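Q: Below are the chains, spelled out letter by letter.
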Amino acid sequence: MNSCPQAEKIIYYCLGALADKAKEDFEIHLKSCELCQHELGVEMAIENELSQEFEPGFVENRIRARLELRQAQDMRSFWLYAFRMAVYGLTAAIIGFVLIPFLLKFPLESVLDLSKYTDGAAELLGKLAPGNAFFVILGFCFIAVFIASMYSLAQIRRL
Amino acid sequence: MKSTNDDLENLIRRAKDGDEQAMTRLVTIHKALVFTIVLRMTNDYYASQDLTQETFIKVFLNIKKVKNAQHFRPWMCTIARNVARDYFRKSKRRRTISLEEVKNVQGHSNLEMTRRRMIIQDALAKLAERDRMLLTLAYYEGFNLSEVAEVMKMTESNIKISIHRARRRLRKHLEGYEHELLSAG
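Residue numbers (the numbering used here), protein chains in the order written: chain D, 1 to 159; chain G, 1 to 185.
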């Protein structure tokens with residue numbers, strides 16, 4: 001930077017941000033000030049360089065190929081993720097509804113006797129699975145797997 | 001300008017439907033802008049080629065989010081900026097562009113021009129990321145202040161002041177190189 005008090009205006013002048021009167025005054029000053037002329041030359045050289053545009057060469061085909069590859073990978077990972085989540089859900093359901101009651105010799109039928117809580121639901125359940133807790137367990141497993149799959153699908157869609 | 005916008009809108013609409021020709025056209029139109037941004041940000045010619053491709057892949061994977069053609073360029077520049085930032089964060093180094101790379105970029109071997117480019121590119125690399133991005137966009141031909149403001153998430157009235165400050169900081173880093181800058185002009 002030079003020591004001229006008007007030098008502050010040079011960048012504004014280059015940016016075209018000076019008001020008409022200020023611009024006129026600065027141009028008059030510029031004619032007689034060698035320091036500002038020099039500084040303006042430097043600023044113009046910087047501006048010239050900053051406005052340069054660079055070319056990356058021919059990248060179109062590479063982008064298309066990489067895009068296709070990425071989409072194929074995304075699709076593969078989508079199914080892998082959905083499958084993984086389904087397996088997690090199924091495993092959780094088996095552990096929760098079969099393994100733990102089996103290990104604890106838990107009387108599952110008595111716990112799942114919903115008539116204690118809601119008569120309507122018990123009635124419906126009685127129609128769907130008359131006296132057989134196995135069907136109820138299977139139903140819960142199915143719901144768990146279904147929810148896990150739906151959740152994983154939603155996650156993938158969000159990505 | 002209106003017909004250009006209509007063309008862009010048409011290209012974006014076709015790209016959303018998976019039209020490869022439209023995608024290729026969008027790349028051809030905007031690749032220099034994206035490459036210039038990532039090169040200014042990373043100061044790495046070869047990495048910038050890769051990051052340009054990465055930017056366009058992200059653009060096309062998310063192009064359905066573009067509701068208005070007017071916002072396409074600022075949106076794409078924001079993606080380019082984020083891609084360059086990620087690269088910068090991962091590489092964790094500030095690189096100085098080599099002579100060979102500068103020759104590659106400009107496509108000729110005028111020694112004074114090459115040296116001037118190296119000096120300015122090196123000074124740019126010393127600036128904060130925000131200043132580099134601001135100066136790159138502000139001086140890119142055909143990029144207007146409202147688009148710069150959209151990318152930088154600033155108001156239009158603040159943009160000129162910020163550009164001025166960034167230019168002063170850049171000038172400070174170029175102290176002592178005035179002769180080289182003027183000799184190539």
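It is possible that some hints are incorrect.
[What the hints assert, rightly or not] Here chain G is said to cover these stretches of chain D; the calculated rule only asks that three of the stretch's residues, wherever they fall, bring their Cβ under 8 Å from a Cβ of chain G:
| hint | stretch |
| --- | --- |
| 1 | 22-36 |
| 2 | 42-54 |
[Stated by the list, open to error] As a list, the in silico DSSO-like pairs of lysine-lysine whose alpha-carbon atoms are at most 27 Å apart:
| hint | chain 1 | residue 1 | chain 2 | residue 2 |
| --- | --- | --- | --- | --- |
| 3 | G | LYS67 | G | LYS90 |
| 4 | D | LYS21 | G | LYS160 |
| 5 | G | LYS172 | D | LYS23 |
| 6 | G | LYS16 | G | LYS58 |
Calculated from the structure, these hints are not laboratory results. From a predicted model like this one, the values you see are computed outputs, not experimental measurements. Don't be surprised by glycine CBs; every beta carbon is placed ideally from N, CA and C.
Q: Indicate, hint by hint, whether the structure satisfies it.
A: Against the structure, the hints:
1. 22-36: violated (count 0)
2. 42-54: Holds: 13 residues of the stretch 42-54 of chain D have a Cβ under 8 Å from chain G.
3. G:LYS67 <-> G:LYS90: Violated. LYS67 (chain G) to LYS90 (chain G) sits at ~32 Å, over the 27 Å cutoff.
4. D:LYS21 <-> G:LYS160: holds, 19 Å
5. G:LYS172 <-> D:LYS23: holds, 24 Å
6. G:LYS16 <-> G:LYS58: holds, 13 Å
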